[in-house]
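Trainee: So for the sequence shown, full-length UniProt numbering puts the first residue at 1; every next one is plus one.
Hints are computed from structural coordinates only; laboratory data are not their basis. All residues carry an ideal CB built from backbone N, CA and C; glycine is no exception. Mixed in with the good hints, there may be bad ones.
Claimed, not checked - Restraint ranges, calculated between C-beta atoms of paired labels, are given here:
1) GLU118 <-> GLY186: 23 to 33 angstroms
2) LYS87 <-> LYS62: 12 to 22 angstroms
3) ALA125 <-> VAL167: 25 to 35 angstroms
4) ASN179 <-> TYR64: 11 to 21 angstroms
5) LYS61 <-> TYR97: 35 to 45 angstroms
6) LYS87 <-> PHE63: 39 to 49 angstroms
7) LEU203 <-> GLU82: 35 to 45 angstroms
8) LYS61 <-> LYS176: 17 to 27 angstroms
9) LYS102 <-> GLN212: 33 to 43 angstroms
10) GLY84 <-> ILE7: 17 to 27 angstroms
11) LYS87 <-> ALA184: 33 to 43 angstroms
To be verified - In silico DSBU-like links for lysine-lysine, alpha-carbon gap of 35 angstroms or less:
12) LYS187 <-> LYS61
13) LYS102 <-> LYS117
14) LYS117 <-> LYS62
15) LYS59 <-> LYS176
16) LYS176 <-> LYS187
17) LYS87 <-> LYS102
18) LYS102 <-> LYS57
19) LYS102 <-> LYS187
20) LYS87 <-> LYS61
21) LYS57 <-> LYS210
22) LYS57 <-> LYS187
23) LYS117 <-> LYS187
24) LYS117 <-> LYS176
25) LYS176 <-> LYS57
26) LYS59 <-> LYS117
27) LYS61 <-> LYS117
28) LYS117 <-> LYS87
29) LYS61 <-> LYS210
30) LYS59 <-> LYS87
31) LYS87 <-> LYS57
32) LYS210 <-> LYS59
33) LYS61 <-> LYS176
34) LYS117 <-> LYS210
35) LYS87 <-> LYS62
36) LYS187 <-> LYS210
37) LYS62 <-> LYS176
38) LYS59 <-> LYS187
39) LYS117 <-> LYS57
40) LYS187 <-> LYS62
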Amino acid sequence: MNKGFDIFIEPTDPNAPDTWGDGVEHWKALGVEVDERFRAKPVGKRYVEENLDFIRKNKDKKFYLYNQFYETHTGSEHYLIESGRIKEGIYPENAYYDAKIKLADEEVIGSVIEALKEYGLYDNALIIITGDHGTNLRQQCWPLGDYIYEPLDVGDLANTHSSLYDVDLRVPFIIKAPNLPENAIGKIIEGQVRSVDITPTVLDLVGIPKEQIKP
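All chains should be built: construct the whole structure from the sequences, respecting the hints.
Mentor: Spelled out as structure tokens, the structure:
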């Protein structure tokens with residue numbers, strides 16, 4: 001992942017704080033016990049701080065910024081409880097996931113968008129929001145077991161990553177771009193979109209001929 005980026009920050013960086021992690025294996029690499037990670041501050045808050053600092057330093061020139069925010073993953077449950085977004089012991093259908101989406105919107109993605117607006121960059125910015133898998137919260141279980149999602153259980157980490165059920169294949173993919181044609185604004189694409197479609201779409205939006213890109 002650190003190939004091609006001028007600045008690259010990852011959770012296994014020895015200078016990363018204890019509240020920063022990206023999955024169980026990364027936490028183990030940092031010497032943090034798995035159960036301790038649930039008491040940690042959401043990892044996305046650390047990324048947001050780095051984002052805002054990067055935007056501030058590069059606001060006068062063109063830049064590309066990529067992030068993998070972690071608010072919707074297992075690990076932010078205790079922060080959700082402590083901040084009053086959910087109540088411990090009460091698990092209405094999808095409540096934890098909905099609360100995480102709201103947290104990501106308010107404290108993570110929203111903070112970055114507000115910074116872009118503050119520095120006058122938003123109107124001319126190309127912003128893409130997507131995910132690596134869908135929202136399988138026990139609607140479909142592993143064929144080898146009968147796993148039931150528990151919000152404070154790390155056992156769900158593999159449940160969505162190896163499933164080909166529609167609930168996992170359907171991911172959010174939102175594009176905000178300047179100078180879109182009128183008929184493209186607010187358009188919802190009903191057909192299948194694949195990862196191989198992303199690069200040529202981005203190139204078209206920024207006006208770079210695909211022929212200039214070497215394989």
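Trainee: It remains to establish, for every hint, whether it holds in the given structure.
Mentor: Consistency of the hints with the structure:
no.: 1; hint: GLU118 <-> GLY186: 23 to 33 angstroms; result: holds, 25 angstroms
no.: 2; hint: LYS87 <-> LYS62: 12 to 22 angstroms; result: violated, 45 angstroms
no.: 3; hint: ALA125 <-> VAL167: 25 to 35 angstroms; result: holds, 31 angstroms
no.: 4; hint: ASN179 <-> TYR64: 11 to 21 angstroms; result: holds, 18 angstroms
no.: 5; hint: LYS61 <-> TYR97: 35 to 45 angstroms; result: holds, 38 angstroms
no.: 6; hint: LYS87 <-> PHE63: 39 to 49 angstroms; result: holds, 41 angstroms
no.: 7; hint: LEU203 <-> GLU82: 35 to 45 angstroms; result: holds, 44 angstroms
no.: 8; hint: LYS61 <-> LYS176: 17 to 27 angstroms; result: holds, 20 angstroms
no.: 9; hint: LYS102 <-> GLN212: 33 to 43 angstroms; result: holds, 41 angstroms
no.: 10; hint: GLY84 <-> ILE7: 17 to 27 angstroms; result: violated, 35 angstroms
no.: 11; hint: LYS87 <-> ALA184: 33 to 43 angstroms; result: holds, 42 angstroms
no.: 12; hint: LYS187 <-> LYS61; result: holds, 30 angstroms
no.: 13; hint: LYS102 <-> LYS117; result: holds, 20 angstroms
no.: 14; hint: LYS117 <-> LYS62; result: holds, 15 angstroms
no.: 15; hint: LYS59 <-> LYS176; result: holds, 19 angstroms
no.: 16; hint: LYS176 <-> LYS187; result: holds, 11 angstroms
no.: 17; hint: LYS87 <-> LYS102; result: holds, 15 angstroms
no.: 18; hint: LYS102 <-> LYS57; result: holds, 28 angstroms
no.: 19; hint: LYS102 <-> LYS187; result: holds, 23 angstroms
no.: 20; hint: LYS87 <-> LYS61; result: violated, 44 angstroms
no.: 21; hint: LYS57 <-> LYS210; result: holds, 30 angstroms
no.: 22; hint: LYS57 <-> LYS187; result: holds, 34 angstroms
no.: 23; hint: LYS117 <-> LYS187; result: holds, 23 angstroms
no.: 24; hint: LYS117 <-> LYS176; result: holds, 14 angstroms
no.: 25; hint: LYS176 <-> LYS57; result: holds, 23 angstroms
no.: 26; hint: LYS59 <-> LYS117; result: holds, 11 angstroms
no.: 27; hint: LYS61 <-> LYS117; result: holds, 15 angstroms
no.: 28; hint: LYS117 <-> LYS87; result: holds, 34 angstroms
no.: 29; hint: LYS61 <-> LYS210; result: holds, 23 angstroms
no.: 30; hint: LYS59 <-> LYS87; result: violated, 40 angstroms
no.: 31; hint: LYS87 <-> LYS57; result: violated, 39 angstroms
no.: 32; hint: LYS210 <-> LYS59; result: holds, 27 angstroms
no.: 33; hint: LYS61 <-> LYS176; result: holds, 20 angstroms
no.: 34; hint: LYS117 <-> LYS210; result: holds, 30 angstroms
no.: 35; hint: LYS87 <-> LYS62; result: violated, 43 angstroms
no.: 36; hint: LYS187 <-> LYS210; result: holds, 23 angstroms
no.: 37; hint: LYS62 <-> LYS176; result: holds, 17 angstroms
no.: 38; hint: LYS59 <-> LYS187; result: holds, 30 angstroms
no.: 39; hint: LYS117 <-> LYS57; result: holds, 15 angstroms
no.: 40; hint: LYS187 <-> LYS62; result: holds, 27 angstroms
The structure shown violates the earlier hints numbered 2, 10, 20, 30, 31, 35.
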